[in-house]
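**Student:** Heads up: the sequence shown begins at 1455 in this note's numbering, then just goes up one per residue.
No wet-lab data here; the hints were simulated from the structure. Errors might be hidden in some of the hints.
[Unchecked claim] Derived pair list, reagent style DSBU-like, types lysine-lysine, alpha-carbon separation capped at 30 Å:
1) Lys1856 <-> Lys1812
2) Lys1823 <-> Lys1812
3) Lys1856 <-> Lys1884
4) Lys1848 <-> Lys1819
5) Lys1812 <-> Lys1884
6) Lys1812 <-> Lys1847
7) Lys1823 <-> Lys1847
8) Lys1884 <-> Lys1848
9) Lys1848 <-> Lys1812
10) Lys1847 <-> Lys1819
11) Lys1884 <-> Lys1819
12) Lys1823 <-> Lys1848
13) Lys1847 <-> Lys1884
[As the list claims (entries may be wrong)] So the derived label-pair ranges between C-beta atoms look like this:
14) Gln1780 <-> Ser1645: 36 to 42 Å
15) Arg1785 <-> Leu1869: 52 to 58 Å
16) Glu1721 <-> Leu1796: 34 to 40 Å
17) Asp1695 <-> Leu1869: 30 to 36 Å
18) Ser1645 <-> Glu1471: 55 to 61 Å
19) Leu1744 <-> Asp1695: 16 to 22 Å
20) Ala1525 <-> Arg1609: 33 to 39 Å
21) Pro1543 <-> Arg1619: 18 to 24 Å
22) Arg1609 <-> Leu1464: 36 to 42 Å
23) Glu1471 <-> Arg1619: 38 to 44 Å
24) Arg1458 <-> Arg1785: 53 to 59 Å
25) Gln1631 <-> Asp1695: 56 to 62 Å
26) Thr1749 <-> Leu1591: 51 to 57 Å
27) Ser1645 <-> His1550: 34 to 40 Å
Glycine included, C-beta positions come from ideal geometry on N, C-alpha and C.
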Amino acid sequence: MMHRLHEIVLQSAGRPEHCICTAAFSGGADSTALLLCLHDLRETLDIDLRAVHVHHGIRGAEADRDAAFCAEVCAQNGIPLQTVYADVPSYAAAHHLSLETAARRLRYQALEQAAPEGVIVTAHHAGDQAETVLFHLLRGSGLRGLRGILPVSGRLRRPLLDAERADILGFLRARGQRYVDDSTNFTDESSRNRLRQEIMPLLLRENPAAVQHIARTAMLLAEDEALLSEQAAAALQSGRDPVTGGVSGLAAYPKPIRMRVYMQMLEDTPKSVHIDPAYPQLLAVDRILLAGSGTQLLSGDVYARAERGILYMQEERALTPQLPMQTGINRMFPGRSCTAVLTGAGAVSQNIHRADTKATLDFDKIIGKPCFRLRSPADRITLPAREHSTLLKKCVQAAVPKPLRPTLYALYDDLGCIWCEQVGIAARVKPDGSTRRYLTLHVSAEITNKKE
């Protein structure tokens, strides 16, 4: 006979499609029920079911007991199990995290590594959803936090979000299935435990349907957040310069769209996994954008900068002082690269005087081995159609917004600067009728797109 839990899982799964399904299995009531429910439905869902247990190394003999229990359940049901051992205390100390946060981070890392393909399922249920929404509400979160736990996030699936704790315990009771309890869930040391043990009972006493109602609110807010995020992504795409990564025109959008653009820009930075900006920081970014200029630090080495109404998210790193040029991709600055292509006569465009991010030089007029390096205040360049050399610094100041100047690509040979991004090429390497080999340089941004 089909239990209500089977119906909930089937409804969340949608149309069956063959895949590997890896279940996070702690041995607790929730994950035990989910694993056995998926095992019951494996043919209907057309899945290859596997399980992963993460031993966090923080509960001594109790953790060993949990690992043994998980091995027993999987052996009894013919479910392949992988047990991963993690040193949560050492990781927490090294990264200045709470044990709870460190355990969660290592747990998801272990799941991703143990299940390189297919989907990963976790046993979060409606009660977890209600606790999460309340937790974020108390922290002053916006829609992104109040939407709670998403049913689908990348490869993650949470098929029990519509199930209540009573459904889960009833499923286990009906089949006489044991499970284990994590003793740390019954202490009052974590804020989540206090919410579960003290606040939720009060809410349920006031309204027995509180869990369902909070979960429904989370679903509605998730829909609203998805729409606003989609509109923010469109604003980001339409305003972003593919070379500099700067975004223009944001001041014309409503504040809710702007704030989401800031978060999406941050997610494109390599350091984004370590950045969780507080709302006041995002407000400060909004202020400098609306003011037209300014800088706002967001972490130790990532900052937002506005210049002439254009917003940049930049990462400060130690810059390479010199980089020998090679054909192909040259990467001297984080997030931006310069591609060098060597071609024969007749193979390139005649638009050789461009002073932006693309230029063409006569390769055989270069003296010595070309290299990219940081500009010096004394550097000079004689541009085509100019009779005298000019300080490169003045050319850059006249043509380039201040935030972009530190990371401009400039190419030098043994006699000095022969090209600078946004400025142009030196007259002495200008191609002419006798040119046999052309060197084309093209600077482009390297945008890292991250998804939840």
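**Student:** Work down the list of hints and note, for each, if the structure agrees.
**Tutor:** Quick rundown of the hints versus the structure:
1. Lys1856 <-> Lys1812: Distance ~20 Å between lysine 1856 and lysine 1812 Cα, so the pair holds.
2. Lys1823 <-> Lys1812: 20 Å, holds
3. Lys1856 <-> Lys1884: 28 Å, holds
4. Lys1848 <-> Lys1819: 25 Å, holds
5. Lys1812 <-> Lys1884: 14 Å, holds
6. Lys1812 <-> Lys1847: It holds: about 19 Å lies between the C-alpha atoms, which stays within 30 Å.
7. Lys1823 <-> Lys1847: Holds, because 23 Å separates the two Cα atoms, which is no more than 30 Å.
8. Lys1884 <-> Lys1848: Roughly 21 Å between the alpha carbons, so the hint for lysine 1884 and lysine 1848 holds.
9. Lys1848 <-> Lys1812: 20 Å, holds
10. Lys1847 <-> Lys1819: 24 Å, holds
11. Lys1884 <-> Lys1819: 8 Å, holds
12. Lys1823 <-> Lys1848: 26 Å, holds
13. Lys1847 <-> Lys1884: The hint holds at about 21 Å.
14. Gln1780 <-> Ser1645: 36 to 42 Å: 53 Å, violated
15. Arg1785 <-> Leu1869: 52 to 58 Å: For arginine 1785 and leucine 1869 the Cβ distance comes to about 25 Å; the hint is violated.
16. Glu1721 <-> Leu1796: 34 to 40 Å: At 36 Å between Cβs, range holds.
17. Asp1695 <-> Leu1869: 30 to 36 Å: Roughly 32 Å apart at Cβ, these two residues keep to the hinted range, so it holds.
18. Ser1645 <-> Glu1471: 55 to 61 Å: 39 Å, violated
19. Leu1744 <-> Asp1695: 16 to 22 Å: Given about 20 Å between the Cβ atoms, the range holds.
20. Ala1525 <-> Arg1609: 33 to 39 Å: 25 Å, violated
21. Pro1543 <-> Arg1619: 18 to 24 Å: This hint is violated: roughly 30 Å between Cβ atoms.
22. Arg1609 <-> Leu1464: 36 to 42 Å: 20 Å, violated
23. Glu1471 <-> Arg1619: 38 to 44 Å: 29 Å, violated
24. Arg1458 <-> Arg1785: 53 to 59 Å: 56 Å, holds
25. Gln1631 <-> Asp1695: 56 to 62 Å: Cβ of glutamine 1631 to Cβ of aspartate 1695: about 58 Å, so the range 56 to 62 Å holds.
26. Thr1749 <-> Leu1591: 51 to 57 Å: 32 Å, violated
27. Ser1645 <-> His1550: 34 to 40 Å: For serine 1645 and histidine 1550 the Cβ distance comes to about 18 Å; the hint is violated.
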